[in-house]
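The residues making up each chain are set out below.
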Amino acid sequence: GAVVSQHPSRVICKSGTSVKIECRSLDFQATTMFWYRQFPKQSLMLMATSNEGSKATYEQGVEKDKFLINHASLTLSTLTVTSAHPEDSSFYICSAHTTKHSTDTQYFGPGTRLTVL
Amino acid sequence: QKEVEQNSGPLSVPEGAIASLNCTYSDRGSQSFFWYRQYSGKSPELIMFIYSNGDKEDGRFTAQLNKASQYVSLLIRDSQPSDSATYLCAVKGYRDSSYKLIFGSGTRLLVRP
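Taken in order, these protein sequences are the chains called A and B.
Each residue of the first sequence is one higher than the one before, counting from 1 in our numbering.
Each residue of the second sequence is one higher than the one before, counting from 118 in our numbering.
Hint data in this document are derived by calculation from the structure and do not stem from the laboratory.
A portion of the hints provided could be inaccurate.
The following label-pair restraints were derived from C-beta to C-beta distances [said to hold, decoys possible]: (1) Thr-99(A) to Arg-212(B): 16 to 26 angstroms; (2) Asp-172(B) to Gln-29(A): 26 to 36 angstroms; (3) Gly-53(A) to Tyr-211(B): 16 to 26 angstroms; (4) Leu-26(A) to Tyr-211(B): 23 to 33 angstroms; (5) His-85(A) to Pro-127(B): 27 to 37 angstroms; (6) Gly-171(B) to Thr-31(A): 27 to 37 angstroms; (7) Thr-99(A) to Pro-198(B): 29 to 39 angstroms; (8) Lys-55(A) to Glu-162(B): 24 to 34 angstroms; (9) Ser-222(B) to Gln-29(A): 25 to 35 angstroms; (10) Lys-119(B) to Arg-10(A): 23 to 33 angstroms; (11) Ser-129(B) to Gln-42(A): 18 to 28 angstroms.
From chain A, some residues computed to sit far from chain B (all C-beta separations above 12 angstroms) [said to hold, decoys possible]: (12) Ile-12; (13) Asp-27; (14) Gln-29; (15) Gly-53; (16) Asp-65; (17) Thr-80; (18) Ser-83; (19) Asp-88; (20) Val-116.
Just so you know, even glycine gets a beta-carbon here, dropped at the ideal spot from N, CA and C.
Please build the complete structure, drawing on both the sequences and the hints.
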């Protein structure tokens, strides 16, 4: 399948700091990437859709000023959690849309586990 | 009614048995259906996709789609303990002027040695 990377895989930070997470499509170009959040034992929750060269589309209830998304190139999208608080601790997963390999679907990155102290 | 519904499980089967995972969806116009596997603490991994009514086989996995009844299922033959994971059903839908995957909450599968 298509390869998507995320960095960092794990981050621990103090409350009030900002954290940037990178999502890269390694072997294909992705005009659309998605950011999800998953709390323990819960299902995936779509946070936003990131389109290259335009503003991200946020799902209802997701604060766009807190979760800044930038999709500056066809292979890179970033999510910045600004002024993080303990309740932001979660597993953040990106995915990239592709029609490679005769599919028209999303491939997920390995995820970033954020812990805010 | 949820857009994509799955039984949360756990579904427990003995090693070597067939595991049957089911999913129903509400949007009759949906055309694309996907099964992802998610191990605990890891991100989802695509294992099957199906677009047409009927069965699609890939190794030990068979996806079945019935658009008239609005259900899609995943069969895992010769289940192995390593198949123990949460299986997510996803349906491609058009929301807020763009296509996105609508996920079910997942079914946890436990394969007993």
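A quick look at each hint next to the structure:
At roughly 19 angstroms, the beta carbons of Thr-99(A) and Arg-212(B) sit within the given window of 16 to 26 angstroms. Judged by the Cβ atoms, the range 26 to 36 angstroms given for Asp-172(B) and Gln-29(A) holds: they are separated by roughly 33 angstroms. Range check, Gly-53(A) to Tyr-211(B): Cβ separation about 21 angstroms, and the 16 to 26 angstroms hint holds. At roughly 28 angstroms, the beta-carbon separation of Leu-26(A) and Tyr-211(B) lies within the given 23 to 33 angstroms, and the hint holds.
As the Cβ distance of His-85(A) to Pro-127(B) is approximately 33 angstroms, the hint placing it in 27 to 37 angstroms holds. Checking the proposed 27 to 37 angstroms range against Gly-171(B) and Thr-31(A) shows it holds: the Cβ atoms sit about 31 angstroms from each other. The hinted window of 29 to 39 angstroms between Thr-99(A) and Pro-198(B) holds, with their beta carbons roughly 35 angstroms apart. Checked against the hint of 24 to 34 angstroms, the C-beta distance between Lys-55(A) and Glu-162(B) comes to roughly 30 angstroms, which is consistent with it.
Taking the beta carbon of each, Ser-222(B) and Gln-29(A) are about 31 angstroms apart, inside 25 to 35 angstroms as hinted. In this structure the hint that Lys-119(B) and Arg-10(A) lie 23 to 33 angstroms apart at CB holds, the actual value being about 31 angstroms. Range check, Ser-129(B) to Gln-42(A): Cβ separation about 21 angstroms, and the 18 to 28 angstroms hint holds. For Ile-12(A), the shortest C-beta to C-beta distance to chain B comes to about 16 angstroms, beyond the 12 angstroms cut-off, and the non-interface label holds.
Separation of Asp-27(A) from chain B is adequate, the least Cβ-Cβ distance of about 15 angstroms exceeding the 12 angstroms criterion. With a least CB separation of 17 angstroms from chain B, Gln-29(A) remains clear of the 12 angstroms interface cut-off, as annotated. Distance to chain B confirms Gly-53(A) as a non-interface residue, since its nearest Cβ pair spans about 14 angstroms, more than 12 angstroms. Annotated as non-interface, Asp-65(A) keeps its C-beta farther than 12 angstroms from every C-beta of chain B; the closest such distance is 19 angstroms.
Even its closest Cβ contact with chain B, about 20 angstroms, leaves Thr-80(A) beyond 12 angstroms, as expected for a residue assigned away from the interface. Separation of Ser-83(A) from chain B is adequate, the least Cβ-Cβ distance of about 26 angstroms exceeding the 12 angstroms criterion. With a cut of 12 angstroms on Cβ distances, Asp-88(A) stays outside the contact zone with chain B, its closest approach being about 18 angstroms. At the 12 angstroms boundary, the C-beta of Val-116(A) stays outside the reach of chain B, the nearest C-beta of that chain being 18 angstroms off.
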